[in-house]
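Protein chains: 2
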Amino acid sequence: MKKRNFLVAQSGGPTSAINATLAGVVEQAAISGKVGKVYGAKHGIKGVLEDNLIEIGEMLQETHAMLRLIHTPSSALGSCRHKLKSAEDDPATYKAIFDTLARYDIGYFVYIGGNDSMDTVHKLSEYAQEQGIDVAIMGAPKTIDNDLYGMDHSPGFGSAARYIATTFAEIWCDAKVYDYPTVTIVETMGRHVGWLCAASAVARKTGDAPHLIYLPEVPFDDNKFLEDVKEQLAQHPAVVIAISEGIKRANGKYVNEDNGNAKVDAFGHKHMGGACRVLEDLINNNIECKVRCIDFSLMQRCAAHLASPVDLTESRILGAMSLSRALEGVSGEVSVLTRLSDSPYRVEYSTVHATTIANLEKAIPREWINARGNFVTDDLIRYVEPLLGVPFGEEGCAKHLCF
Amino acid sequence: MKKRNFLVAQSGGPTSAINATLAGVVEQAAISGKVGKVYGAKHGIKGVLEDNLIEIGEMLQETHAMLRLIHTPSSALGSCRHKLKSAEDDPATYKAIFDTLARYDIGYFVYIGGNDSMDTVHKLSEYAQEQGIDVAIMGAPKTIDNDLYGMDHSPGFGSAARYIATTFAEIWCDAKVYDYPTVTIVETMGRHVGWLCAASAVARKTGDAPHLIYLPEVPFDDNKFLEDVKEQLAQHPAVVIAISEGIKRANGKYVNEDNGNAKVDAFGHKHMGGACRVLEDLINNNIECKVRCIDFSLMQRCAAHLASPVDLTESRILGAMSLSRALEGVSGEVSVLTRLSDSPYRVEYSTVHATTIANLEKAIPREWINARGNFVTDDLIRYVEPLLGVPFGEEGCAKHLCF
Chain A
-10 MKKRNFLVAQ SGGPTSAINA TLAGVVEQAA ISGKVGKVYG AKHGIKGVLE
40 DNLIEIGEML QETHAMLRLI HTPSSALGSC RHKLKSAEDD PATYKAIFDT
90 LARYDIGYFV YIGGNDSMDT VHKLSEYAQE QGIDVAIMGA PKTIDNDLYG
140 MDHSPGFGSA ARYIATTFAE IWCDAKVYDY PTVTIVETMG RHVGWLCAAS
190 AVARKTGDAP HLIYLPEVPF DDNKFLEDVK EQLAQHPAVV IAISEGIKRA
240 NGKYVNEDNG NAKVDAFGHK HMGGACRVLE DLINNNIECK VRCIDFSLMQ
290 RCAAHLASPV DLTESRILGA MSLSRALEGV SGEVSVLTRL SDSPYRVEYS
340 TVHATTIANL EKAIPREWIN ARGNFVTDDL IRYVEPLLGV PFGEEGCAKH
390 LCF
Chain B
-10 MKKRNFLVAQ SGGPTSAINA TLAGVVEQAA ISGKVGKVYG AKHGIKGVLE
40 DNLIEIGEML QETHAMLRLI HTPSSALGSC RHKLKSAEDD PATYKAIFDT
90 LARYDIGYFV YIGGNDSMDT VHKLSEYAQE QGIDVAIMGA PKTIDNDLYG
140 MDHSPGFGSA ARYIATTFAE IWCDAKVYDY PTVTIVETMG RHVGWLCAAS
190 AVARKTGDAP HLIYLPEVPF DDNKFLEDVK EQLAQHPAVV IAISEGIKRA
240 NGKYVNEDNG NAKVDAFGHK HMGGACRVLE DLINNNIECK VRCIDFSLMQ
290 RCAAHLASPV DLTESRILGA MSLSRALEGV SGEVSVLTRL SDSPYRVEYS
340 TVHATTIANL EKAIPREWIN ARGNFVTDDL IRYVEPLLGV PFGEEGCAKH
390 LCF
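In order, the protein sequence lines correspond to chains A and B. Counting in my numbering, the first sequence runs from -10 upward without gaps. Counting in my numbering, the second sequence runs from -10 upward without gaps.
It should be emphasised that the hints constitute simulated quantities derived from the structure, not laboratory data. It is possible that some hints are incorrect.
A pair holds if it fits inside one copy or across any two, identical chains being indistinguishable in the list.
[Stated by the list, open to error] Here are the simulated lysine-lysine pairs, DSS-like style, with alpha carbons at most 27 Å apart: (1) 23 <-> -8; (2) 252 <-> 279; (3) 252 <-> 242; (4) 112 <-> -8.
Since the structure is predicted, the reported quantities are computational estimates derived from the model, not experimental observations.
Make the full structure from the sequences, and use the hints.
Spelled out as structure tokens, the structure:
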């Protein structure tokens, strides 16, 4: 019997581990011995829609290249943010996608992505079943935000968390070098959930920063914030604050909304400044000290040189597992991992239905944030630390040598 | 004969290598066998002025701690930006400094810092000679800006250059992931000279970024800039631009001056936005594309996890050499290095008079910048690359695997 072909695609925001997942599926295609050609779709589902597929099976012949792929950040196949409508509302799109799959005789399709992409996996899988089309569609999870349900943590998060914790430890060394009062505000990604920002707390193992952490899970209050900063400045000459880009006031609005900071360009697009700039202004207008704003920007999701080896390994295995299940005929599911223990750190792998993940966002449990809402608990630190993949603080900053 | 004591202090902006220099002088104090106690002054010359000295000789007893100190960014002793007036204009300051040195029986003083600090070395050394005070005062150089005269390159630069080149390579992977036109502008430090920004060109070994580089050495022209960006966008969907914070227009003003972006806080201090924001507005108002601003901020000077092993080694040796010469009675000089060849990369060490360095800034030679003024030449890349201390691009991004 002729072996059917395999398609893989990547979607959503870049991470440092999404190419490890790609490597995992490509090597599993060879390991299984059950796959014909291996195709990659460029720019996610858009590439399937627009018949933009390339053969990538030869990649496996270059072992060094495969190793480098695992350490290359972002999506080697390109990505997209394409939200699929229902088959009822947009039959033409579904027809175009399955026409492409038929044209290339795709029997198995693994889609690597976040909660939107798992919605795509669900919809395509349901459509195939309804239409009697023989193609197994599986998801492999990724997102730096760590907001995916159905699994202990999201592949990609550990690497971003390692970047954030390492960089906070280094920034602390720098921020405290002069002997006058300073406040350094560092903004991390996290529009709806604060996991990335919270990961900064691991840096406390080698230094005093961050002193304060503000998350989207807790309403932000300007006056309480100023009180917190004054209290910290009374104890430390250099205060370092971690904020999530998505912190909101009690009225539900992001702190960078309604601040008169938005600019409109010549094309009519509105450009808002970050939350960091709003808090910088707040401090500048209320406390006499030097304030600095730092935005981790793309670095937090693409600093592959600080990728977590745990994250890369788990991401690779999850990719391989998604294809392995697809080859068994499973469809509409996503490979996930469950934590068995923190120390020693142990996980087990399984699959769950895509609807467990699709379109949902997992926030930090309130009990992992302190009562005042300006720091996280030790439980959260114990949860994050093994995901960094290296013993944090064994190298690097020597706090006791900073006199 | 009783051994005289030794004092070390650190000054100016942090680097990832200034603690390696500190480690070098502390270990040389032990190696020489000629030094009594080892003192560190907190916050540079301010600590001497204010009698804020601590004994740090015991640090050497912890070999692991010394190793960690070498990998700890910023100044473990704290820093200052204190410009010394002449002894004629401010005799009280000189008296206070030399009173402290006498009180602790300091026979040798090594000051680690940049061009301002080397001015301090010169002035204090001259004063001691004029007054017949027996103390040898030597400088050990550092600055990420690479603007020090009298040496091939500045200790601290190589580590910052490695951070910048690595991060540009990673940002390129991320910036090009979607299939619509984007411009990513990355601002590096460098108020007067463009070496840090120019180091981004090494990233071209593993990718296409940066596409354009703008330096303080060449007058910035808004229209030429927009032409350059349009030309690059016509060839690449994702254009990555490196700019130095100190880029100036032909009228000699920084691009972030006179743009109406400055804010005045409640205490009357003026806060200017970065050059990056000005260019972001310029593109938003003239070209239809997505623009992102990235500021490498403190990370470029404190990312010790990416410190150059070449930089750390040279920095340590230069520190040790400064004390070694001081013990021979040399004063008012600075340890430096001269490059013998690029490949193999070879250097030799010597000392020069502090006035060779004091208050001067070495710019990029015009012939190392292209005629259009929007990129650097291969000569500059050949100069920078060995300073990174690792073969760039052997790991990390696999350009040929990004389809």
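Right, here's what the structure says about each hint:
1. Only within a single protomer do residue 23 and residue -8 lie at most 27 Å apart by alpha-carbon distance; the minimum there is 6 Å, versus 78 Å between protomers.
2. For the homomeric pair residue 252 and residue 279, the shortest alpha-carbon distances inside one copy (26 Å) and between copies (14 Å) are both at most 27 Å.
3. Taking identical chains as interchangeable, the C-alpha atoms of residue 252 and residue 242 lie at most 27 Å apart whether they share a chain (18 Å) or sit on different chains (24 Å).
4. Only within a single protomer do residue 112 and residue -8 lie at most 27 Å apart by alpha-carbon distance; the minimum there is 25 Å, versus 81 Å between protomers.
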